[in-house]
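Enquirer: Using the supplied hints, reconstruct the complex from the two chains, each of which is provided in its own coordinate frame.
Protein chains in written order, with this note's numbering: chain F, 1 to 112; chain H, 1001 to 1112.
Because the hints were derived from the structure by calculation, they are not lab data. Positions of the beta carbon are idealized from the N, C-alpha and C atoms, including for glycine. Treat the hints with caution; some may be incorrect.
What the hints assert, rightly or not - Quick list of simulated restraints, FRET-style, between CB atoms: (1) H:1071 <-> F:58: 27 to 35 Å; (2) F:53 <-> H:1018: 46 to 54 Å; (3) F:3 <-> H:1061: 20 to 28 Å; (4) F:5 <-> H:1067: 30 to 38 Å; (5) F:42 <-> H:1083: 19 to 27 Å; (6) F:19 <-> H:1041: 34 to 42 Å; (7) H:1041 <-> F:68: 22 to 30 Å; (8) F:39 <-> H:1007: 14 to 22 Å; (9) H:1057 <-> F:63: 31 to 39 Å; (10) F:55 <-> H:1112: 41 to 49 Å; (11) F:74 <-> H:1005: 27 to 35 Å; (12) F:20 <-> H:1013: 39 to 47 Å; (13) F:5 <-> H:1018: 36 to 44 Å; (14) F:40 <-> H:1062: 25 to 33 Å.
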Amino acid sequence: EDQVTQSPEALRLQEGESSSLNCSYTVSGLRGLFWYRQDPGKGPEFLFTLYSAGEEKEKERLKATLTKKESFLHITAPKPEDSATYLCAVQSAGGGADGLTFGKGTHLIIQP
Amino acid sequence: DVKVTQSSRYLVKRTGEKVFLECVQDMDHENMFWYRQDPGLGLRLIYFSYDVKMKEKGDIPEGYSVSREKKERFSLILESASTNQTSMYLCASSVEVMNTIYFGEGSWLTVV
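Bound-form chain H, shown alone (with noise of 0.2 Å):
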């Protein structure tokens, strides 16, 4: 089974802190993706990795940045964390960018 782990499930930060959200993945899958899921929303994709070292936006990528330097792990960074990123964020990967999607338990983010 594929598996992919977000090592924080719930997190309350400060408004200001830089946050970093972590994602491995080990089915050696290519892409790597940062979603964001909110109420009436649905699901929002931030960023994705094709490569190592490489990442292309999503379609809400404002506030935040991304690090994959190693192919099973994917980072989120919130340089200065916002009320408004108060959110429950979601990692995926996926063998190839047309291809099923697989996504991990979820991150709970709370900015105060």
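So here's chain F without its partners, still in its complex pose (with noise of 0.2 Å):
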């Protein structure tokens, strides 16, 4: 069964201080990592997918690695309206009807 841990739970940072979000995975034959972000009351927002170990993506101060074990969503100088929840979602054959094993999420704050 594939499984999918994030962590920390909950991150309060400073604005401008940066910080990883982790992801680890245990699955039977990657097919995609992907990150989301979740505003409060709102659907999640696609941001990434990442294929296969060493690629790594880009957007404004996000930035996501994968590895072989987990994935991190780095957030550089980070600003208020970067608050929100983090989700990852790794897709491979053993997941679900839909392929996909969801982590329970980053709620990341922060502060001005």
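Expert: This is the structure:
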């Protein structure tokens, strides 16, 4: 059974204080790893897809990286508007009907 | 940009009522999904559809049914709403199963 663990569950940072969110996974045959941002009361917004170890993707202050066991979402010099819950999901042949297993998310708060 | 639109953002229904949640996507995606999201439990797949009139059960299909009569539209039906179906419901779509999933804004359903 595929498993995804996100850490920490919650993270509070000062504006400009860079940090990383972790997504550890155990899957049988990774097809893709996805990062989403979710604002309170809204649906998840797609950020990145990573397919193979060593791959990196960037968007504004966010950079996602992938190894064979985990992915990191690095946030550089965050701003208050980066506050959200960040979800990680892995897709594999061993996942559910949709092939996906979601983590529980990291709730990120950026204080001005 | 991919657009997944859920017609009702907030609903309050009585126990035993029949509830319809509608979802439309504008990207000609083959696959559409219904999830529910609950605190501490994360995202769970209810049903998905890989073609018109085709459907597959997800992890928690009990108490729900779905309908897909047109490619762009996917409906979730609660035949007889119960209080334990109070949740946020998310519709999503993807061009193919093992591919990025895009979510709608969510529908908050309260059953009283």
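Enquirer: Each hint: holds or not?
Expert: Going down the list of hints, with the structure as the test:
no.: 1; hint: H:1071 <-> F:58: 27 to 35 Å; verdict: holds (34 Å)
no.: 2; hint: F:53 <-> H:1018: 46 to 54 Å; verdict: holds (48 Å)
no.: 3; hint: F:3 <-> H:1061: 20 to 28 Å; verdict: holds (22 Å)
no.: 4; hint: F:5 <-> H:1067: 30 to 38 Å; verdict: holds (36 Å)
no.: 5; hint: F:42 <-> H:1083: 19 to 27 Å; verdict: holds (24 Å)
no.: 6; hint: F:19 <-> H:1041: 34 to 42 Å; verdict: violated (26 Å)
no.: 7; hint: H:1041 <-> F:68: 22 to 30 Å; verdict: holds (28 Å)
no.: 8; hint: F:39 <-> H:1007: 14 to 22 Å; verdict: holds (20 Å)
no.: 9; hint: H:1057 <-> F:63: 31 to 39 Å; verdict: holds (37 Å)
no.: 10; hint: F:55 <-> H:1112: 41 to 49 Å; verdict: holds (47 Å)
no.: 11; hint: F:74 <-> H:1005: 27 to 35 Å; verdict: holds (32 Å)
no.: 12; hint: F:20 <-> H:1013: 39 to 47 Å; verdict: holds (42 Å)
no.: 13; hint: F:5 <-> H:1018: 36 to 44 Å; verdict: holds (38 Å)
no.: 14; hint: F:40 <-> H:1062: 25 to 33 Å; verdict: holds (28 Å)
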